[in-house]
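Participant: Chains A and B, in that order, give the protein sequences. If you're matching positions, the first sequence starts at 1 in this note's numbering and goes up one per residue. If you're matching positions, the second sequence starts at 287 in this note's numbering and goes up one per residue.
Treat each hint with caution, since some may be false.
Cut-off 27 Å, straight-line C-alpha distance, at most; resulting in silico cross-link-like pairs (DSSO-like, lysine-lysine) [to be verified]:
(1) LYS482(B) <-> LYS76(A)
(2) LYS164(A) <-> LYS111(A)
(3) LYS64(A) <-> LYS463(B)
(4) LYS485(B) <-> LYS104(A)
(5) LYS21(A) <-> LYS357(B)
Per the computed footprint, the stretches of chain A lying under chain B, defined by three or more beta-carbons under 8 Å from a beta-carbon of chain B, are [what the hints assert, rightly or not]:
(6) 52 to 58
(7) 76 to 87
(8) 91 to 103
(9) 260 to 266
Keep in mind that the hints were calculated from the coordinates and are not lab data. None of these values were measured; they are calculated from a predicted model. The beta carbon of each residue, even a glycine, is placed where N, CA and C say it ideally should be.
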Amino acid sequence: MGIIRTEDLTYVYGEGTPFRKTAVDGVNLDIEAGEIVGIIGHTGSGKSTLIQHFNGLLKPTSGKVFIDGEELFADKSRLKEIRFKVGLVFQYPEYQLFEETVYKDIAFGPKNMGLTDGEADKRIKETARLVGLKPELLDKSPFELSGGQKRRVAIAGVMAMEPKVLILDEPTAGLDPRGRDRILGLIKEYHAEKGTTVLLVSHSMEDVAKTVSKILVMNDAKVFMYSDRSSVFAKADELTAMGLTVPQVTRVFDRLRAMGIEFDDEVFSIDYAKDLVLRLLAEKRR
Amino acid sequence: MIKDITIGQYFPGKSAVHRLDPRMKLLLTVLYIVMLFIAKGFLGLAVGIIYMLAAFLMSGIPIRMMLKSVKPILPIIVFTGFLNLFFITTGDPLVEWHFIKITTGGLKTMVFMASRIILLIFGTSLLTYTTSPITLTDAIERVMSPLKVIKFPAHEIAMMMTIALRFIPTLIEETDKIMSAQKARGADMESGNVIKRAKALIPILIPLFVSAFRRAEELALAMECRCYHGGEGRTRLKQLKTAPRDYVALAVTVLFIVAVILLNRFLPI
Ligand SMILES: Nc1ncnc2c1ncn2[C@@H]1O[C@H](COP(=O)(O)OP(=O)(O)OP(=O)(O)O)[C@@H](O)[C@H]1O
Ligand SMILES: [Mg+2]
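Chain B extracted, bound-state conformation (with noise of 0.2 Å):
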């Protein structure tokens, strides 16, 4: 059913990862992202992989949430798992049949590949189940706006971002309400060929964006009723702050990045 898509996916809690300031989290996000990727051998991606487990651990998110987060990237792990085990040659041959042959250097990386994409995944999918899209694009606005002295419109993407966000949710609500409805009235789009299902569609989109053209115009107007003129001089209700703990979030994490490059240095297996 459409209302099972979940956009977003901010998982509410308390926990210490839920707390931290969300632009720590981008940056530690995007280290965490090069520790995984600067990791050369198994013992690298073990340090990543501990990183990994204590940061789940402390925010309280199911197992079953995160491992809902790789499903969707299954096929593709999948595939390059079987490349990789197949075209690569280095290393002892394990078994040798007609063209097929796989190597320990082939398994290796297979299993290297795919650990590391599944961590990528856990990592991201952490921060958004962490921290809601709000403050999410909130957070990224500040990080780009060093960029606006090149005219670089860091809050007019900031708000496209937050409004486009807020009303995922409420078009997919409506486009619910239009199907029942339109079922309702004996409309059919589980069967038929792919044009009859395509003509399927049109009592439904039609409404969707009518009604999405009149809530942008009403919204168009409510922000112009209150003032709003763009991102200069505006200040802001809920001001980021960071507390020690952003900083020892990432002196933590800095040391696993320093573990990790010592251990590439005199143990890269």
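Extracted from the complex, chain A is given alone in its bound form (with noise of 0.2 Å):
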């Protein structure tokens, strides 16, 4: 069994109201641990609320939700564990922020944990490095930082409370192309270093192809499916019929194939399409 399991999951909002919609219906997952997920959907198609399970923020209107083997809701006074176990990024993160400095802000979960200090500064000072937060500006109020830097300073805090589950809601939304690659570089590279199970949530295919081993597609408050990138992006035509794409390199290349030049490697990043066509160039000269 997988660290995060759900079965028959269902979420209606405003229930008994002329407002009632379902968010979440009927969904069934198994996330092993260690993978590195991405989950994708159009706008309002349930990804926030599905996430929100995974942590007892929401209650489920029916179904249950598994976390490491251990059903949520079962033992109320287990909730707080629990979010200690699986972390959660929720979308513009920022403006959570409150603390008189960013070293105290990142704290604030740690302290929630009931770590000491000295395990709590430890693990600051290595998530600041870890999300590139220089250390001078640990002693400066969160308020002063640009968009970005604030944007670091709230996954840092999350981070730092180590979790077995990092769950992220649109990591990269409102940042430059340069500033995502940021956000999500370091993310990749907490999940080499801590090997923890990430949830990435997204908009933009390309972002999800560049990052994870697997995704997972949400349409309609249901999941359309849960698979590796190769065989979620063989359903182009599905995908886009559902308003979303397939990353423009992955086509490129789909369409070198159907042109007619042979290699078998799937494509979903340009660094990696870059040395694929240096590779078969140097083929075709030989």
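Two chains, two separate frames, one set of hints: put the complex together.
Facilitator: What follows is the structure, encoded as structure tokens:
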């Protein structure tokens, strides 16, 4: 059994009012530990709602959620423990900063866990390094930082809790291309260093394609598919029909293959594409 | 949960009650309240009940919603009910036990007062259920606008109400989000003593204030960019128009009031 498992998970907003809306509908999932999963789907497909179930912020209308084999809401007093196990970074997390200094803000989670000052200090410094915050920034007020820096502080605040599962809801929303690459890079690095299970919610196929190993596609509150990158992108037509796209490079190379150029690789990123093109050209010359 | 709070509690629909001119609805509600307060006996109150029932049936609002609206007032109704029951000593005694004395007069007053309060709540709830808050403030502005001659800032007050109403759901949503985010970082808001709980609010209030100020600034800027300069010479997108049905409703309401006056005169029971 995986680290995150759901059984017929359903969530309805505004039950019993005219604004009733089923945001998650009968979801069955089994996510293995150590995986880095991209969650993708059009606006309003229920991604944010789904992930808020994984640390017990939302209680399922029906169905069950298991984290590490333990059923959520079976024992309410365990919820806090589970929240330390599953770290959740919300959409636009920079709006939740509140402390006087960056250091104190990152310390909020670790302190709530009851870590000693020494242990918390070690973790804060380490995560600050990992997310690329310079040591002198730690004593500044979080409100004086730039948007991208704030975002990194907020992500560090959750990472410092060293959760077994790290979930990020659109961590790259509203950042410029360089900022996006940096955030995605640090997530990958964190995954490699700690072996944490990572769930990454995103609108952008390009972002997801170059970061994750498996993709969960949500469509109209249901799971459309959960599989590795190449089998997901093989359904390009269906994805397009639900308003999603296959990364541009992948499309280009699919067309090249259709035109008769022979190669076995699945192409998801520009860097890989470049290497592949160079290799194919070298082979051709020989 | 915080998201269950309903303010404005508008219940969208297309019934005749929904479509009445909001200014007329305001006037009718005032007349209805007058009707309830001039009624001297149960027969008069019954006229109010019939009026309410007719409006309610036409509106298509579920009975559940109407009952929900009385719930917060229930303690007050019960409390005044007890006061009336035990302290009014007119009429024939029903129960006498030590110092407790219940009389028919007390019982009558209790039922009368309770029914009146409930009818009052039903009426005003029906107004807010069938009129969207924005339309309602619009109507209030129009009704208050004659006061502009004595420099009463009718437009500004209405604009403030509109903005406040507009942002209540946004702020509730925002609070919800910030609370979830801090909970995800292990914030504990449900346990501990008063001081601990008050302290636990800091991580929520600070981001909330910061974003409220940011929003206020953005909104002010956006309004200025679109040349907002107060109410003078401003025209409206949605003109309020009275239709024949508004006058029919007014006429019917006046008839009901006349009925109550006649009952007061000739059958005051
Ligand atoms: N607090 C809420 N109250 C009522 N309905 C909600 C609430 N939050 C979300 N919804 C509805 O539930 C559905 C799913 O929303 P959700 O936020 O999970 O979508 P999403 O996939 O994260 O979208 P996005 O990509 O825009 O973030 C939407 O139709 C939305 O309108
Ligand atoms: Mg979302």
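Participant: Hint by hint, say whether it matches the structure.
Facilitator: Hint by hint, here is what the structure shows:
Between LYS482(B) and LYS76(A) the CA atoms are separated by roughly 21 Å; this keeps the pair inside 27 Å, and the hint holds. The suggested pairing of LYS164(A) with LYS111(A) holds, with an alpha-carbon distance near 17 Å, which does not exceed 27 Å. Under the criterion of a C-alpha separation no larger than 27 Å, the hint pairing LYS64(A) with LYS463(B) is consistent with the structure, at around 23 Å. Straight-line distance between C-alpha atoms of LYS485(B) and LYS104(A) comes to about 15 Å, which keeps the hinted pair within the 27 Å bound.
Under the criterion of a C-alpha separation no larger than 27 Å, the hint pairing LYS21(A) with LYS357(B) is consistent with the structure, at around 26 Å. With a cut-off of 8 Å between beta carbons, the region 52 to 58 of chain A has 3 residues touching chain B; three or more are needed, and the interface restraint holds. With a threshold of 8 Å between beta carbons, the proposed coverage of the region 76 to 87 of chain A by chain B holds, since 4 of its residues qualify and at least three are required. Chain B is given as covering the region 91 to 103 of chain A, and this holds because 5 residues of the stretch bring a CB closer than 8 Å to a CB of that chain, at least three being needed.
Interface restraint, the region 260 to 266 of chain A with chain B: violated (0 residues with C-beta to C-beta distance below 8 Å; minimum three).
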